[in-house]
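Novice: The chain contents come next:
2 protein chains.
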Amino acid sequence: MGDYDVIVIGGGPGGYLAAERLGHAGKKVLLAEKERLGGTCVNVGCIPTKSLLHSAKLYDHARHGEQFGVTATNVTADWSAMQAWKTNVVDTLVKGITGAERRAGVEVVAEHATLLGPGAVRLASGAEHRAEHVIVATGSVPAMPPIPGTADNDRVVDSTGLLAIPEIPSRLAVIGGGVIGVEFASLFATLGSEVTVIEMLDEIVPFADPEIAAALRTAIAGVTFRLGAQVTSVDGGTVQYATADGPAKVDADVVLMAVGRRPLVDGWGAVESGLDVSPRGVRVDDQMRTNLPNVWAIGDVTGRSLLAHAAYRMADIAAATILDPVGAPKHGQTMRWDTVPWAVYSAPEAAGVGLTEPEAIRRGHRVVTATVRHVLSGRFVAENGLKAPGSTKVVADADTGRLLGIHLIGPSSAETIWGAAAALESEFTVEDLRQVVFPHPTISEVIREAVWALAL
Amino acid sequence: MGDYDVIVIGGGPGGYLAAERLGHAGKKVLLAEKERLGGTCVNVGCIPTKSLLHSAKLYDHARHGEQFGVTATNVTADWSAMQAWKTNVVDTLVKGITGAERRAGVEVVAEHATLLGPGAVRLASGAEHRAEHVIVATGSVPAMPPIPGTADNDRVVDSTGLLAIPEIPSRLAVIGGGVIGVEFASLFATLGSEVTVIEMLDEIVPFADPEIAAALRTAIAGVTFRLGAQVTSVDGGTVQYATADGPAKVDADVVLMAVGRRPLVDGWGAVESGLDVSPRGVRVDDQMRTNLPNVWAIGDVTGRSLLAHAAYRMADIAAATILDPVGAPKHGQTMRWDTVPWAVYSAPEAAGVGLTEPEAIRRGHRVVTATVRHVLSGRFVAENGLKAPGSTKVVADADTGRLLGIHLIGPSSAETIWGAAAALESEFTVEDLRQVVFPHPTISEVIREAVWALAL
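Residue numbers (numbering that gives the first Met the number 0), protein chains in the order written: chain A, 0 to 455; chain B, 0 to 455.
Here chain A stands alone, though its shape is the one from the complex:
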């Protein structure tokens, strides 16, 4: 035993939740975070973007209410007021997390921490602490590939920089069509920017079912997507890229680098302490153990999933296993990577969980699918009209009838998808889901229509 039962390195969603759970369970916990609590997600990621996207949605709705009998003039989106609200929200949430740690009895120290080895951590101030367990939750940072002309180019920003720009750009180029690129593209297109997304792959949001990804790409208004396009250089605001048809370029006032994020595996003693680590992350088992005894890793730094809610689940599993280490992993102590949902908060939203159709086929399933348009939902029609984008795709195993994946595009997708995660976690068959009573009228009911539409 050392000074603490558990030291947690990193105060993002994984780290702060693990500390909180262990603190409430009576453990003496030190949480080291050199910046503000909340990590990337709360401070410069999911939360500020959702705040701005909500403002943009209100702006869009205020401008386009005529069909629904609502009109307005002089509809204005004030970017600095949007940012002020965003900052207010972030500050509120950081305070909330700080309070939650205090209530859990967690000691929080605003210092960089270095892992020295099993049970040993050194703070930036020089203090060394011992603990029975160490949880590494150092997160990730934006990947910045060495594209010529991007370094020291003040028109090129990462997501953190774009959140802080002083005004809405007339022309925005986005390098990368993942979640971050797509959300910012949708945000600024709604606010009036001319937006171009340049994506190396043949489709945006590559983790999504390709049918849903294509529907999302078509549905996001006001954004030009260049697929299969490899950026070769940036000169001022001019982005040069190569396509199958030869070179092309786009001129922009601001260029967002959004090619992804990489696990933060350097600068905190990973290699020096003997952790099994690569640029792809710290290797963990399904209870979040690393190769070092009583050293655990959770969240983005594992490279297994760079989603805040995956970090939460990893935190729960690590905490549960630390608290109850005897024997084989129990119910609730095994990470199931396939039941982690994703969501994109563009306009429209999209979300999914489980296997995409191609992934299900790759894994050897004989697959049956159904895609149903949301215009089957009376609520969807009432709130969006017949031309609005929206659909639900269900993927199932044709032989066993087991549900494999549910994928949505349309309003409230992110709020609706958790039920699909619950159904997959519980290994529902199609027949099980057909029996669930969905409230009417909702958009979620289309999930029911889709499982009934499956040829099973």
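No wet-lab data here; the hints were simulated from the structure.
Keep in mind that this is a model prediction, so the values were computed, not measured.
Each hint should be verified, as a subset may be incorrect.
[As the list claims (entries may be wrong)] One side only, chain B facing chain A, incomplete, derived with CB under 10 Å:
#, residue
1, Lys49
2, Phe67
3, Trp84
4, Val89
5, Thr91
6, Gly418
7, His439
Glycine is no exception: its CB is placed at the ideal position from the N, C-alpha and C atoms.
Got chain A; can you put chain B on it based on the hints?
Specialist: Relative to chain A, chain B alone:
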């Protein structure tokens, strides 16, 4: 065998879905509906109200976007344009149902139908038809208690009448604080009416958990609620009512009678054919059989649940049992009344499924509950602020850990609740639900917070 395999009496959600399922399964089906397909729900119930409520929400958002950086002037809600959109939506959905019946090979006849006995139906035109099975789905009608001064009073309307009023009333009195009363109260209060709801019981929406019902009552802006108030008479637009403190009155331009709906058990041969029927509905078992052989009843007419989605589920069960009648009811062929969710589409929304806390106690459970405010959700704060109403209540059995009920108030409640219905249908324990990964940031995540907050 007769002219048809199945005759369905009534083309609302229960009737049209049963006909569709049986038609797709190859049965020769006659669907008799004297008015338009879609029943109360589509034509004068859930769908038109949701359309108008959405317009009202847009109006409210356009007026109150300043906090989020969005401003507008001259925000106007044009009631006749709202009604025109509503009519457009209803017409679209009726067409959709008509097409769905055609694709299922169902013969639809626009006539009143009378049940003569097992397998025998007479149409208004005089034609008599035989069928192996008859499904009764005659629905319900607004209950109009004989309150003095309500008959022949042109200020007194039912919900159908209120949908059609030519202008937004300055003052609206609503008799009855159930779903219909509360939704209309919220709608017109948002549009600027001075609204008073007069409810006989001590709380509105009596099917809801009382804590959620009270939170909803407090949260609906601009409505005065009079509880424990019994209406004694209406004189012009003046509603007189008795309270524990003595008589009182409210003056209104329009008075909505919304004291509930009653199963439509008269006018179609229920008594004459020998059905086991009372004013509370046609008695059915959990496979929707009546006392007469091969005569089934589904939806509002059973009086068991007056919700469109309950009718859908009853339709599925009746159809499945007709198609596969051998032996004991199978998986999927038993109505589970406790897993039917409800939703109220006021501003804010509310929804729930399973047992309320008092009902769980009444049934002998030792109950553990947790109520968590939605301000724990970053998305909720970003989109609504810290002062907005929103909370999630979870009810579980303290001894078995089994989930008994989940109850929500706040944005997107109706879209979120289906996962809770799936969890209850699948008999989740609290531990099962704790393992489900909810996407971050969502409001639905508060369900996760609530199950973790349970003292279990």
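Novice: For each hint, tell me whether it holds in the structure or not.
Specialist: Structure-based check of each hint:
Restraint check, lysine 49 of chain B versus chain A: the minimum CB separation of about 5 Å is within 10 Å; hint holds. The restraint placing phenylalanine 67 of chain B at the interface with chain A holds, with a minimum CB-CB distance near 4 Å, inside the 10 Å limit. For the restraint placing tryptophan 84 of chain B at the interface with chain A, the shortest Cβ-Cβ distance is roughly 5 Å, inside the 10 Å limit, so the hint holds. About 9 Å separates the beta-carbon of valine 89 of chain B from the nearest beta-carbon of chain A, less than 10 Å, and the hint is met.
Checking threonine 91 of chain B against chain A by beta carbon gives a least distance of about 6 Å; that is within 10 Å, so the hint holds. Against a cut-off of 10 Å between C-beta atoms, the interface hint on glycine 418 of chain B holds, since the closest Cβ of chain A lies about 3 Å away. Given hint, histidine 439 of chain B at the interface with chain A, holds; its Cβ is 4 Å from that chain's nearest Cβ, closer than 10 Å.
The structure meets every hint from the earlier list without exception.
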